[in-house]
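Put chain U on the given structure of chain H with help from the hints.
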Amino acid sequence: MTDWLATILIFLPLAGAVIVWLLPIPRVAGPIALLFALAEVGFWITALARMDFDSTSVTPNFDQQVTWFSDLDVSYHVGFYAFSFWLAGLAVVVMAAAIAYGFWVGRERPRAYFGLMLFLMSAVVGVFASQDLFLFYVFFEAMMIPLYVLIGVWGGPGRLGATVKFVIYTMAGSLLMLAAVIVFGLQQGTFDLVTAPPSDSTWLFLGFAAAFAVKAPLFPFHGWLPDAYRESSPEVAAVLSGVISKAAVFGFIRICFVEFPGPFADWRNVILALAAIGLVYGSLLAFRAPDIRGVIAYSSLAQMGLITIGVFAKGGLGVSGSILQAVNHGLLSASLFLLAGTIERRTSTGSLDRLGGMARGRPALATMVMVTGIIALAVPGSSAFAGEFLILAGVFSTGWGWSVVGAAGIVLAAMYMLRLISAVLHKEPGPAVPDVALDLRPAELGIVVPLVGCLLALSAWPAAISDNAIGTTLNPGPTSFARLNDEPPEGRMDFVNTPITSTSR
Amino acid sequence: MIDTPSVDWFALSPSLVALGAAAICLLSGVFLPRWVLRPFVAFIAALGFIGAGVMAALVYIESPDASLEVADAITRDRFAAFVQIVVMGAGLLTIGVSYSARMRRDHIGEYYALLVTAGAGMAFLVQASNLMTLFLGLEWFSVCLYVLCAIEIDVESSLEAGLKYLIIGGMGSAVLLFGSALVYGSTGELGFSAIAQSTETNNLVDDPLLLVGLAMIIAGLAFKASAAPFHMWTPDVYEGAPTPVTGFMAAATKAVALAVALRLLTVAFPANDDLWTIAIAVLACISLAWGNIAALVQANVKRLLAYSSISHAGFMLIAVSANNSLGGRALLYYLIPYAAISVGAFAVVAARERELGEPVTLANLAGFGWERPLLGFSMATFMLGFAGFPLTGGFMGKFLIFSAASEAGWNWLVIVGVVATLVSLYYYLAVIRSMYMRPAAELGLAPVGGSPPREIMLSSAAFLAMVVNVGSFFAVQPLVDFARSAADALPL
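Chains as they are written, first to last, in this note's numbering: chain H, 1 to 505; chain U, 1 to 492.
Looking at chain H on its own, in the form it has when it is part of the complex (with noise of 0.2 Å):
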C-alpha cells in the first residue's frame, strides 16, 4: 500500500468530490465532504509515520510511475521529498479546516460549492506530489478552475472584478509556463523530472519564474492579491494565501532550484531584490491596511517576499527555514482568515474603525486571535520566530543586507500584527461590534483550535520541520541538493545526510 500512498492522496478528495456531485441530495454533501478531508488527514498521518525523512535516494517516497503519453515522454509520475511531503501536510490541514468552515456556516448549491473544494484539495495535493513537469503544469492549472468559479461564485459584492484580475495576472504566468514547459521537455527529450538533466537556459528559468512570482506573489505581481483576498468567502481566502500561495514555494524549490542551477544563481539576487521589496512593501501596507483581510492579505504579501528569501540564499539553511515558514504562514494567515469570517459573521463589517473592543466578554476569541497574532509576529519561542531565524541565518551568507532587510520585516510584522490586535480586542467597542454579538461557538473553536494547536506544536518543536526539510537527495550530483554545500556557510557541514540541528532558541 506504501506505493499507492501518494496516489490515494492526491485522488481520495477527487473521489469525494464526484461523490457530492452526483449523490442529488444537498444537505449530505457537507458531511461527506468534510468526512473525506479528514480522512485525507488521517491518510496524511499514515504516510507521515511511513515516510522515510533520511533518504538520500534519488526516488521520492511513494514513487509510482505509469507512462501516460510516450510520444513526449510523459507519465504519471508523483512521490514526495521531504518538503513537498510537508507543504501537502499543510494544504490536507489547513484545506479540512476549510470545508469544515464552509460546512458550519453553510454554503448556497453546497453540493457544486463542497465539490470544488474537494476538487481543489485533489489538485493541490497533486501539484506537492508531482514529478512530471506536464503532470505538475495540470494539477497547477487545475487549481484555477475551482479556485476561479468558488470566488466568482460564493464571494462578496465585488467578485467578478477579482476573479478577472485573478486569472488573468496567474494565467499570464501560467501560459509563460507552459511555454517553458514545452520546451524544457523537448530540450531534455523527457518531462520527468527526476531524470530530466539540468538546463541554463535563462528564458526557461524566466518563463517558471514568472509562474510563480505571480502565484506567490512577489512584488510587483501582486495586483490581484488584495482584491481575491477581500472578495472570497473567508474560508476560500484561508485557502488561497495559506495553501495556493506554497504552490510557488514548491515550484522555486523544485524545478528553478533544481532543474536550473545556472540561472538560479546568476538571477539570485534580482529575486531577492523583489522578496525584499515585497516585505517591506507587503507590511506597509498591511500596517494602514483599513480592514482586516487587507492586514492579513499584505502580510502575506510580505511573509511569501520572506520565504522567498529563503528559497534563494545560498546554502540548506535558507530553504530548512522556509519550508518550517511555509508551514507556519499556512497555518497562520489560514487561521487568521478564518477568525476574521467569525468576526465578520457577528459585526458584518472587517473594517477595523468600526471594530473595536471584542475581548470583553469574549474569552475564546481574544486568546485565539492573540495566540495566532502573536506567533505570527514572531515573538521568540514561536515556530514562525524559528523559521525566520533559520531564514534570515541562511541568508546572511548570500549577503548580510538581505538579513537587515529581513530583520526589518520582522519588526514590521509587530507594528502591524499587533495594530491588527488591538483595533480588533482592544480599545473602545466600536459601533459595528453589538453586544449579543457572542463568543466563539464550540463548533468554531473545533475549527480553530487544531489549526493553532498544530503552530503550538511547531513552536514545541520546530525541528521536527526544519530538521527534516531537506533530507532527501533531489537529483544526484550537480542537481542534487547537496549542490547547496558547494558554497557552505562557514562552520557548516553537509547537510544532506547530517540533518541541521535547529538552533532558534
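Derived from the structure by calculation, the hints contain no laboratory data. Beta carbons: idealized from backbone N, C-alpha and C, even for Gly. The reader is advised that the hints may include incorrect statements.
What the hints assert, rightly or not - Now the stretches of chain H that chain U is said to cover, found in silico as 3 or more residues with beta-carbon under 8 Å:
1) 66-80
2) 136-144
3) 170-182
Stated by the list, open to error - Among chain U residues calculated to face chain H with C-beta under 7 Å, some are:
4) Ser403
5) Val418
6) Gln477
Claimed, not checked - Listing some non-contacts, in silico: residues in chain U with all C-beta distances to chain H over 12 Å:
7) Glu160
8) Met171
9) Ala196
10) Trp290
11) Arg303
12) Leu326
13) Gly357
14) Thr361
15) Ser406
16) Asn411
17) Val414
18) Arg454
Structure of chain U alone, referenced to chain H:
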C-alpha cells in the same frame, strides 16, 4: 467504348454509405406521413453517419499503406479515414442537436438529407489526390451547406447567412479553382504527387505561375477554414445559420479544410515548403490576433464562438506550418476534441435559444448553469477546452501543437499562441461567468415560465461531446497512436 478505371468501391464506401442514407431521407420526405417522418429520417441520417464512420474505420484498418485509387484521383489511406471518422462523429452529434429544432415540416427530409450529403462530400474531399477531385469535393459539401444555412426560409437572418456564404464561398472556390489552373498551367499535372514530381524534374520551384497558383490555393482553403484574413463571412454566417448547422460547419468544415490543406501542401508542394510554412504561420498569427481580439467585444454568443473558431483555425494552422510529423499528429489529435467541443458548444447555445426564443447573448445566459446543470456543466467544460485548460482534450491539443511548433524551431510561434490563449481566456471565462456567477434575477431577465423543455437528444449529444472532450485528455496515448499512423500516410 470508353475505358473506365477500376473503381475501389471499398475506399469510396464512407461517401457512398452516407449518400445512400441521404437518398433514403430525401425519398422519405415525399412518401412518409408526417407524424413518423421526423424520427425516421433522423434515425436514417444517424445510421448513415454511423455506417460511414464504421466504413471509414474499416478502411483505416485495411489500409496501413497509402495507395492511389480510381485513376489516381483519390487516395486510400489512414489519414483520410481518420478525418472521415471525425467528420462522421461530428455529424452524428449534430443530428442529436437538430432533432428537436423547430423546423418547417416540409423541410425535415431535405434537412437531414443535405446534412448527410455534406458529410459525404467532406469524406470525399479528404481523400482527394488531384486538383479536380479536390475542387469537386469542396463544392459538393459547400453547396449542401449553402442550402442548409438558408433552410429556415422564413427567417431573414438565415436567408442572409445563406446568401453571404454562397457569395463569399463562391469567391473562395473561384480563387481555389484559378489557383489550381495556374498550377496545372505551370506543371502540366493535376495529381498531387505528380505536381511534386513535375516541380522537381522541370525545376519549377521558382516558377512565378506555380507560386501564384500555390498562394491562391492556400487562400481558397483558408476561406473554407475561416482563417483570417479570409474569415469575413464567418461571424455573419455563423450567427444567421440555424444553430445546429453552425455547429456542424464549425466542427467538420474546418476539420476537412485543414486536413486537406496539410495533405495538399505536404504532398504537392514539398519543394516550396520554405515558402508555404511561413505563409501558413503568418495566416495563423493573423487568425489568432484577429479572432481573439474581435471576440473580446462580442455580446452574442454565436458571434463569440464564430470568432473563437477563427482563432482556432489559427491554432491548427500552427500545426500545419510546423510541417513535421509531430505537427501532423497534433493536428489530427486536436480535431477530435475540437470537433466535439464545437458541436457541443453550439448545442448548448441551441438549447438556450429554444428556451428563450431569442438570440443568446452573454447577458441572457445568466443563471443557465444552475437551471440546467448538465448543459451548464458541459458548456463550462467546452469553454475550458477551447481555452486550453487541463483536464480537457483542448489542452492536450494545444500542448501538442505548441510542441510541434517548438520542435520545428519556431518558439516565437509558441509565444504568439500562448499570448493568444491568454487573451482568449477573457471571453471564454465570460461565458462561464454569465452562466454561474450572475443570478438571473440580478439582470431582470423575465423567465419564460415553466420548466425548460426536456431535450433528451440534445442533452445526450452535449453529454457525449463532453465525454469526448474530457476523455481525449486522459486517453491521449491511444488517440495519438491512431493519429500517428494516420499522419504517417503523409510525407512529413
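Results for each hint:
With 6 residues bearing a CB less than 8 Å from a CB of chain U, the region 66-80 of chain H meets the requirement of three and the coverage assertion stands. Residue count for the region 136-144 of chain H with a Cβ under 8 Å from a Cβ of chain U: 6. That meets the three needed, and the coverage hint holds. Counting residues of the region 170-182 of chain H whose CB falls under 8 Å from any CB of chain U gives 7; the rule of at least 3 is met. Interface restraint check for serine 403(U): the shortest CB-CB distance to chain H comes to about 5 Å, inside 7 Å, so the restraint holds.
A hinted interface residue such as valine 418(U) counts as satisfied when its beta carbon comes closer than 7 Å to some beta carbon of chain H; here the least separation is about 4 Å, so the hint holds. Of the supplied interface hints, the one on glutamine 477(U) holds, with its beta-carbon coming within about 5 Å of a beta-carbon of chain H, less than 7 Å. Chain H leaves glutamate 160(U) outside its interface by the beta-carbon criterion, the shortest separation being 34 Å against a cut-off of 12 Å. Here methionine 171(U) stays apart from chain H, with its beta-carbon at least about 36 Å from theirs, past the 12 Å limit.
Listed as outside the interface, alanine 196(U) is consistent with that label: its C-beta sits roughly 28 Å from the nearest C-beta of chain H, beyond the 12 Å cut-off. With 12 Å as the threshold on Cβ separation, the claim that tryptophan 290(U) sits away from chain H holds: the shortest Cβ distance comes to roughly 20 Å. Against chain H, the non-interface label of arginine 303(U) holds: every CB pair exceeds 12 Å, the least being about 21 Å. Listed as outside the interface, leucine 326(U) is inconsistent with that label: its C-beta sits roughly 8 Å from the nearest C-beta of chain H, within the 12 Å cut-off.
Listed as outside the interface, glycine 357(U) is consistent with that label: its C-beta sits roughly 27 Å from the nearest C-beta of chain H, beyond the 12 Å cut-off. Distance to chain H confirms threonine 361(U) as a non-interface residue, since its nearest Cβ pair spans about 17 Å, more than 12 Å. With 12 Å as the threshold on Cβ separation, the claim that serine 406(U) sits away from chain H is violated: the shortest Cβ distance comes to roughly 5 Å. With a cut of 12 Å on Cβ distances, asparagine 411(U) falls inside the contact zone with chain H, its closest approach being about 6 Å.
Not every beta carbon of chain H lies more than 12 Å from that of valine 414(U), the smallest distance being close to 5 Å; the non-interface claim is violated. Remark: the non-interface label on arginine 454(U) is consistent with the geometry, its nearest Cβ contact in chain H lying 17 Å away (cut-off 12 Å).
When the structure is compared with the earlier hints, violations turn up for hints 12, 15, 16, 17 and for no others.
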